[in-house]
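Produce the entire structure from the sequences given, and follow the hints as far as they go.
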Amino acid sequence: MSTHESHISSVGTLLRVFFALMALTALTTGVAYVDLGAGSTAVALAIAIAKASLVVWFFMNVRFNSRLIPVVILGGLFFVAVLFVETFADYASRGWFGYGR
Amino acid sequence: MASDAHASPGLAHHFDSYEQQKESATLGMWLFIVQEILFFGGLFFAYALYRWKYPVAFNHASRHLDVTLGTFNTIVLIGSSLTVAMAVRSAQIAKPRRIVGFLLGTALLGSVFLGVKAYEYHHKWVEHLVPGPDFAFAGPGAENARIFFSLYFAMTGLHALHMVVGIAILLFLLRPAWQGRYTPENHNMIEGFGLYWHFVDIIWIFLFPLLYLAGRHHSL
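Just so you know, the sequences run in chain order C and X. Per my numbering, residue 4 is the first one in the first sequence, and the count goes up by one each step. Per my numbering, residue 478 is the first one in the second sequence, and the count goes up by one each step.
Treat the hints loosely; a few may be bogus.
Going by beta-carbon spacing under 7 Å, a handful of chain C positions derived as facing chain X [stated by the list, open to error]:
{"no.": "1", "residue": "Leu17"}
{"no.": "2", "residue": "Thr28"}
{"no.": "3", "residue": "Thr31"}
{"no.": "4", "residue": "Ser43"}
{"no.": "5", "residue": "Leu86"}
Simulated from the structure, these hints should not be mistaken for laboratory data. Since the structure is predicted, the reported quantities are computational estimates derived from the model, not experimental observations. Even glycine gets a Cβ: it sits at the ideal position worked out from N, Cα and C.
In structure tokens form, the structure reads like this:
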């Protein structure tokens, strides 16, 4: 993997990723009409995460980058998780002990 | 320093090698993208919170968006990610004319996306679904549906703004690309633009199911 050419995605790889993204788009649109209850949002997010991962790994060439880049990305996602978990914890717990609301 | 510049065209004097220069550019671009994720993250959080509080109104409001146009735009935008990836590949294999071609294809697909978006916005305006004095919603929880549409316009508007900026940046890359300035050793401008464009694509990959598909499975 140290030679220059090995860091170039082949046209075939890029096309396969594109068609995989198309298939996942069809899947998420189709499954949206099926009543999975609360699972509908979970399935939609799982498919979106799968699509985003394909884009990051193949189109954004993170597979050829040093390990520093995934660490930076996961670091950013960690702070998004902090934003969601801590703020939701606030809203969800309002009124528990007679405070808030 | 001039002699060094001649020996390695496109290598800035403060870098030891092209690899180091590329790694710095890639890291810098990713740090920018990470703060963009946090920037959009606030809006995604607002969406999650209000959908959690008002699920019925959000389901009803979501059904007023056009799934066909949303799906079409998703296909167009992912197609534009493919053309950007091909532009980067063209730079890697030293095909300057192809870089220009794929960038123009990207600009075209991006413009189609924005055109469809403008049509959708106009349609929402006609249907009185733009939050403001003329807002009117027939379904349950009109006040909470207003929140959905506020978030819809804020999130897709910010996303569309990113695309306009992206297309503007792209236009500045065409001339140097045509002149062969982006070499296999140094095409960091193309790579950086590609990372930005793919990031904008990823934001849409999440916006599409959350906004357009949220309430489809409910029989109303």
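Each hint tested on the structure:
Taking 7 Å as the C-beta cut-off, the interface hint given for Leu17 of chain C holds, the closest approach to chain X being about 5 Å. Interface restraint check: Thr28 of chain C against chain X, minimum CB-CB distance 5 Å, threshold 7 Å, status holds. Hint status for Thr31 of chain C: holds, given a least beta-carbon distance of 5 Å to chain X, under 7 Å. The restraint placing Ser43 of chain C at the interface with chain X holds, with a minimum CB-CB distance near 5 Å, inside the 7 Å limit.
Below 7 Å, beta-carbon pairs count as interface contacts, and Leu86 of chain C has one with chain X at about 6 Å; its hint therefore holds.
The structure agrees with every numbered hint stated previously.
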